[in-house]
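Following the hints, put chain B in place on chain A, whose structure we already have.
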Amino acid sequence: MTHFRPWNLLEKEYVGFATLPNQVHRKSVKKGFDFTLLVAGESGLGKSTLVNSLFLTDLHKDRKLLNAEERISQTVEITKHTVDIEEKGVKLKLTIVDTPGFGDAVNNTECWRTIEGYIDHQFEQYFRDESGLNRKNIQDNRVHCCLYFIPPFGHGLRPVDIEFMKALQEKVNVVPLISKADCLTPGEIKKLKERLREEIDKYGIKIYQFPDCDSDEDEEFKQKDKELKESTPFAVIGSNAVVEVKGQRVRGRLYPWGIVEVENQAHCDFVKLRTMLIRTHMNDLKEVTCDVHYENFRAQCIQTMTSKVNAENRVESPIPLFPMPTPDADTEKLIKMKDEELRRMQQMLQKMQQQMHEQDL
Amino acid sequence: MTVCGRGQWSSSAAGPAVAVIEGGRRRGKEEKEGKERQEHREGLGSEVNPSHSNMTDSAKLHQPHPPPKGERSHAGDFSYVGIDAILEQMRRKAMKQGFELNIMVVGQSGLGKSTLMNTLFKSKVSRKSAQPNPEEKIPQTIEIKSISHDIEEKGVRMKLAVIDTPGFGDQINNENCWKPIMKFINDQYEAYLQEEINIDRKKRIPDSRVHCCIYFIPPTGHCLRPLDVEFMRRLSKVVNIVPVIAKADTLTLEERDDFKQTIREELRANGIDVYPQKEFDEDAEDRLINDKIREMIPFAVVGSDQEYQVNGKKILGRKTKWGTIEVENIAHCEFAYLRDLLIRTHMQNIKDITGSIHYEMYRVRRLNESNAGPGLAPGQAPTLVPAHTNGQTKVNGGPPNGMAAQCEVLTHEM
Chain A
1 MTHFRPWNLL
11 EKEYVGFATL
21 PNQVHRKSVK
31 KGFDFTLLVA
41 GESGLGKSTL
51 VNSLFLTDLH
61 KDRKLLNAEE
71 RISQTVEITK
81 HTVDIEEKGV
91 KLKLTIVDTP
101 GFGDAVNNTE
111 CWRTIEGYID
121 HQFEQYFRDE
131 SGLNRKNIQD
141 NRVHCCLYFI
151 PPFGHGLRPV
161 DIEFMKALQE
171 KVNVVPLISK
181 ADCLTPGEIK
191 KLKERLREEI
201 DKYGIKIYQF
211 PDCDSDEDEE
221 FKQKDKELKE
231 STPFAVIGSN
241 AVVEVKGQRV
251 RGRLYPWGIV
261 EVENQAHCDF
271 VKLRTMLIRT
281 HMNDLKEVTC
291 DVHYENFRAQ
301 CIQTMTSKVN
311 AENRVESPIP
321 LFPMPTPDAD
331 TEKLIKMKDE
341 ELRRMQQMLQ
351 KMQQQMHEQD
361 L
Chain B
1001 MTVCGRGQWS
1011 SSAAGPAVAV
1021 IEGGRRRGKE
1031 EKEGKERQEH
1041 REGLGSEVNP
1051 SHSNMTDSAK
1061 LHQPHPPPKG
1071 ERSHAGDFSY
1081 VGIDAILEQM
1091 RRKAMKQGFE
1101 LNIMVVGQSG
1111 LGKSTLMNTL
1121 FKSKVSRKSA
1131 QPNPEEKIPQ
1141 TIEIKSISHD
1151 IEEKGVRMKL
1161 AVIDTPGFGD
1171 QINNENCWKP
1181 IMKFINDQYE
1191 AYLQEEINID
1201 RKKRIPDSRV
1211 HCCIYFIPPT
1221 GHCLRPLDVE
1231 FMRRLSKVVN
1241 IVPVIAKADT
1251 LTLEERDDFK
1261 QTIREELRAN
1271 GIDVYPQKEF
1281 DEDAEDRLIN
1291 DKIREMIPFA
1301 VVGSDQEYQV
1311 NGKKILGRKT
1321 KWGTIEVENI
1331 AHCEFAYLRD
1341 LLIRTHMQNI
1351 KDITGSIHYE
1361 MYRVRRLNES
1371 NAGPGLAPGQ
1381 APTLVPAHTN
1391 GQTKVNGGPP
1401 NGMAAQCEVL
1411 THEM
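Chains as they are written, first to last, in the working numbering: chain A, 1 to 361; chain B, 1001 to 1414.
The shape of chain A in the complex, shown without the other chains:
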């Protein structure tokens, strides 16, 4: 085994770059993290309550709910709430994007277009920032995760669920949830989950997949990970209220026949969702957004831009110079054609200048 011998041979062979993770850690703690979460689903499925339960906040205190009359003419809106949370010195800038009006109208054709447009818009903005000159303070508003609420009343995916998830599967990490799970008995939950998993496979919907554990993780972690994977989609319950159970105050819902505890694993999968979303997979969600969804968007964007140039035959207005990825044959051809165009235009411009010059004389 060859050691890289530093200049001080008498010291033990310890370079010290093992402290790198700590340095990264310190720096990121100082910088803080940001996370954008999109919640989508029909109204009345407990989205706001769940978000409040997840992050222990009360984001929608002054919300005014529309009545049915007002809803008839409502279109899907996008509302953003940003909250700064700090825990043990770690700062998180959490943005919750809500989609009131989704799926509420009588005719819900293409009601997801607004949401798609929003996600694309964030990507586009990031793309521009990234290609810009001053890249110091890029704000990352890209949507890292989309929680899609499936009503527990149905027998599986409804047409609107299928269409929504298919439209958004390439743009954002879609995490489907079974909402208001307190109206289902354990047997019904199991059946519904199986049904949903089957249908998601059948329709080829690409939801967010948990990454596999590294083989060198410990057994406990692996076991937990396996449980997590097998209980998707999560059946969740949220609550804004605190109730007393056996002398303890917990978040829950009080019914005449019993008390549902939100954080009780036997009652619902809320804890699993929170663990997954915040404690173990937040970073992975961000990475997948950056590496997969954003890159897809970027590649598409570039392709449409170059094909536009080709089709419309005009000089591109100064776009930010983007660092070209390793150009393949097609892009090379396109680049060549573009160069030709530029040369021709330049020639024409020169000619015109000459003409003007001659006229002045």
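I should point out that these hints are in silico values taken from the structure, not numbers from a laboratory.
Because the structure is a prediction, the values reported are computed rather than measured.
Built from N, CA and C at the ideal position, the CB exists for glycine as well.
Incorrect hints may appear among the rest.
Claimed, not checked - Selected chain A positions facing chain B (in silico; Cβ < 8 Å): (1) 155; (2) 254; (3) 259.
Said to hold, decoys possible - Label-pair ranges, simulated between beta-carbon atoms: (4) A:241 / B:1321: 16 to 22 Å; (5) A:79 / B:1194: 51 to 57 Å; (6) B:1311 / A:241: 26 to 32 Å; (7) A:121 / B:1328: 49 to 55 Å; (8) A:254 / B:1176: 37 to 43 Å; (9) A:292 / B:1311: 36 to 42 Å; (10) B:1255 / A:117: 29 to 35 Å; (11) A:254 / B:1307: 24 to 30 Å; (12) A:33 / B:1140: 42 to 48 Å; (13) A:121 / B:1355: 56 to 62 Å.
Unchecked claim - Away from chain B, derived, C-beta distances all over 10 Å, residues of chain A: (14) 86; (15) 94; (16) 132; (17) 220; (18) 225; (19) 229; (20) 351.
Same frame as chain A, but now just chain B:
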């Protein structure tokens, strides 16, 4: 001696026997049948037996002659005619004939419609039970499926038809999803009308008209959805709508009350008249009873066809990890109220309103159309059931003007 019947003759298994005989007592011959009780009924006196009485019991009441409580014993009373005996005769006849009831259930898939029907009638009457291997797929268009059952209880036979509407509200674009349903309801009215105006018609016209439509509202806890409002607005004009909050075990009591209040306000704001309709209350007593019901609609129901043991009793319920929801426990959900309304107290009233108001409106419309154009020949204006029209004009807040005019025309013709 004519009995100007104002009110309804109860012919349901256990319903209020409201028989109001106008005019005072009559002096007449002693009734030979030996019924020696005389019932003092004037104006509003009525005998309401909710939930506890059944036919055979009250039948027994008549045979040995015990004086009913609070009434005088009239052995050998010269003034007793025995008009009230007609009640018994009608009951016997109705028992022989049996009853028909057609209920339609409307709502998105998965709201527990079939389960609720099974729970209401304590037998497998729903569409799911009729199919051997029910595949729970959402149909592309709305289908109307009618399943008929004959059920019997304590000698009373009932022909129950449950009309299911799979596919309602499940598509992405639900515009006009009420059209097939309205068409179905009107088709039933049409079939009845055709039979009625037949020259040679059956003694007892088979009644396939939809008596009651139970509309299932998903328990969002916020308010009615535009789809709900549109549907109920249109259909409350042709059929009795009973809105219920489905799967109510997902709402806490507080949320439930808020939700109900919001729904009631919205129904009022949109001018939707659900059953029991205010304008068809016949007298102050009816109004009292119905007001109480109107304070409670929509009923928050939970259905179940599984039995569990709770405190040594077998009850229908849903078992979860945090407790067992008892379907018939009024502290848990309002299923019992819905059942009482639909079956035990207001079943006959529902059928009457369907027959005498909704059907009549349809009929008037149709006949007016035919007078204006082809279709029914005007000469075929039926020798209509006068009792109906007479009854009509006495109803408070009476029928729409067109109908009254039509009634007048008919009486002239006769």
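To see whether the hints hold, each was checked on the structure:
| no. | hint | verdict |
| --- | --- | --- |
| 1 | 155 | holds, 4 Å |
| 2 | 254 | holds, 6 Å |
| 3 | 259 | holds, 6 Å |
| 4 | A:241 / B:1321: 16 to 22 Å | holds, 19 Å |
| 5 | A:79 / B:1194: 51 to 57 Å | holds, 56 Å |
| 6 | B:1311 / A:241: 26 to 32 Å | holds, 29 Å |
| 7 | A:121 / B:1328: 49 to 55 Å | holds, 54 Å |
| 8 | A:254 / B:1176: 37 to 43 Å | holds, 42 Å |
| 9 | A:292 / B:1311: 36 to 42 Å | violated, 56 Å |
| 10 | B:1255 / A:117: 29 to 35 Å | holds, 34 Å |
| 11 | A:254 / B:1307: 24 to 30 Å | holds, 26 Å |
| 12 | A:33 / B:1140: 42 to 48 Å | holds, 46 Å |
| 13 | A:121 / B:1355: 56 to 62 Å | holds, 59 Å |
| 14 | 86 | holds, 32 Å |
| 15 | 94 | holds, 25 Å |
| 16 | 132 | holds, 40 Å |
| 17 | 220 | holds, 25 Å |
| 18 | 225 | holds, 24 Å |
| 19 | 229 | holds, 22 Å |
| 20 | 351 | holds, 57 Å |
The structure does not agree with numbered hint 9 stated previously, though it agrees with all others.
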